[in-house]
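Position chain D relative to chain Z; hints supplied.
Protein chains in written order, with my numbering: chain Z, 379 to 522; chain D, 20 to 218.
Think of the hints as simulated: they come from the structure by calculation, not from any bench. Keep in mind that this is a model prediction, so the values were computed, not measured. Some hints could be false.
As the list claims (entries may be wrong) - Computed spacing ranges between beta-carbons, pair by pair:
{"id": "1", "chain 1": "D", "residue 1": "Thr127", "chain 2": "Z", "residue 2": "Val494", "range": "34 to 40 Å"}
{"id": "2", "chain 1": "Z", "residue 1": "Ser425", "chain 2": "D", "residue 2": "Gly59", "range": "22 to 28 Å"}
{"id": "3", "chain 1": "Z", "residue 1": "Arg459", "chain 2": "D", "residue 2": "Gly59", "range": "33 to 39 Å"}
{"id": "4", "chain 1": "D", "residue 1": "Arg216", "chain 2": "Z", "residue 2": "Ala478", "range": "42 to 48 Å"}
{"id": "5", "chain 1": "Z", "residue 1": "Gly470", "chain 2": "D", "residue 2": "Arg183", "range": "16 to 22 Å"}
{"id": "6", "chain 1": "Z", "residue 1": "Gly413", "chain 2": "D", "residue 2": "Gly79", "range": "31 to 37 Å"}
All C-beta atoms, glycine included, are put in the ideal place defined by N, C-alpha and C.
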Amino acid sequence: MALGLAVALTGRAGFGWQEPPPAPSVSRGARLFDGTEPLAGTLSGHSAPLPAAATRCSQCHAGPGAPAATGSSFAPPLDRRQLREARTRRGGPPVAYEAATFCRTLRTGVDPAHVVLPRAMPRFEVDDVQCAALWDYLTQEVRR
Amino acid sequence: MNARMLRARLPPALPGRRRLLVAGALALMGMPATGRAAVGVGPVVPAVAAPALPLRGHDGAARTLAAQLRGAVTAVQLMFTGCSTVCPIQGALFAALQAAMGAEHGTTLRLLSLSIDPLADDPAALSAWLRRFGAGAAWSAAAPTPEALEGMLSLFKGAAAGDRHTGQVHVFNREAKLVWRTSELPPTAEVMAALRRAA
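The shape of chain Z in the complex, shown without the other chains (with noise of 0.2 Å):
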């Protein structure tokens, strides 16, 4: 037991121990969240895609694990917390988001409220992976 919990202490707390590497959605949600892999947008009642320069999650919204002082005040952080928990959002009642309906509000701009978001907000041709790969990503488990 005593070799076990020396293996375990110092397998964690130093000798090369490392965090294991983020699973492949995860990875991916994080490049769509930046732009690197970039994301189709339209503003509601517009006829052309914006180009993908200006469809970046990261302009408008902060992500997992970034402190509470970036991103602006333009559109809320996104994160486990922000997401998974009821809130009231923009005057609708107390909701949380699910991957499906996370998915609803990337594509049409209602969000689980029924609550429609501004034309700000792009709305977004996400298919099924690239939208789970999103949600995976923000609703990590973040090591503080």
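Just chain D, lined up with the frame of chain Z:
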């Protein structure tokens, strides 16, 4: 309460640029209703003449806002080059508008990106911003002098609060009078219709 009084009340620790933006936003909130142009989307009745506020253009030239706008129907957006939220979208929308204008034979329409950050947006920054979005000869950019910011903001409804500044497009006629306000981040067709109406 005017912006000068508000600036005096702001904490001195605020950097000059931020003080200026905050003061501008507060000045608008405290502005009497009679000092505002007609509110909302659509025609501005009566049309509001652009004041002779001093600007510095992306080419470094000094001219007044009225002189900048006189002589051509102009679509004006408010922006600042350090804005990473809504301004990239605004730049993309003006680029699309420029393409639509180019498709109209013999058009004399113009575009003006007007900065709300006179301390940071010098001619070099404004020129870089125009290049970023492929601006042609009909699209220019300018910033007011710091002292002229308050007067400029009073011309535009809900004009400035940093990243939350208005994404409306303001249409001026050839006499440099504000005649139309579009919706927030308007589609190209909406702006083109307003420009044609003002022509």
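Hints versus structure:
1. D:Thr127 <-> Z:Val494: 34 to 40 Å: Between Thr127 of chain D and Val494 of chain Z, where Cβ atoms are some 37 Å apart, the hint holds.
2. Z:Ser425 <-> D:Gly59: 22 to 28 Å: Taking Cβ atoms as reference, Ser425 of chain Z and Gly59 of chain D lie about 24 Å apart, which means the hint holds.
3. Z:Arg459 <-> D:Gly59: 33 to 39 Å: 37 Å, holds
4. D:Arg216 <-> Z:Ala478: 42 to 48 Å: Roughly 44 Å apart at Cβ, these two residues keep to the hinted range, so it holds.
5. Z:Gly470 <-> D:Arg183: 16 to 22 Å: Cβ of Gly470 of chain Z to Cβ of Arg183 of chain D: about 21 Å, so the range 16 to 22 Å holds.
6. Z:Gly413 <-> D:Gly79: 31 to 37 Å: 33 Å, holds
Of the numbered hints listed earlier, not one is contradicted by the structure.
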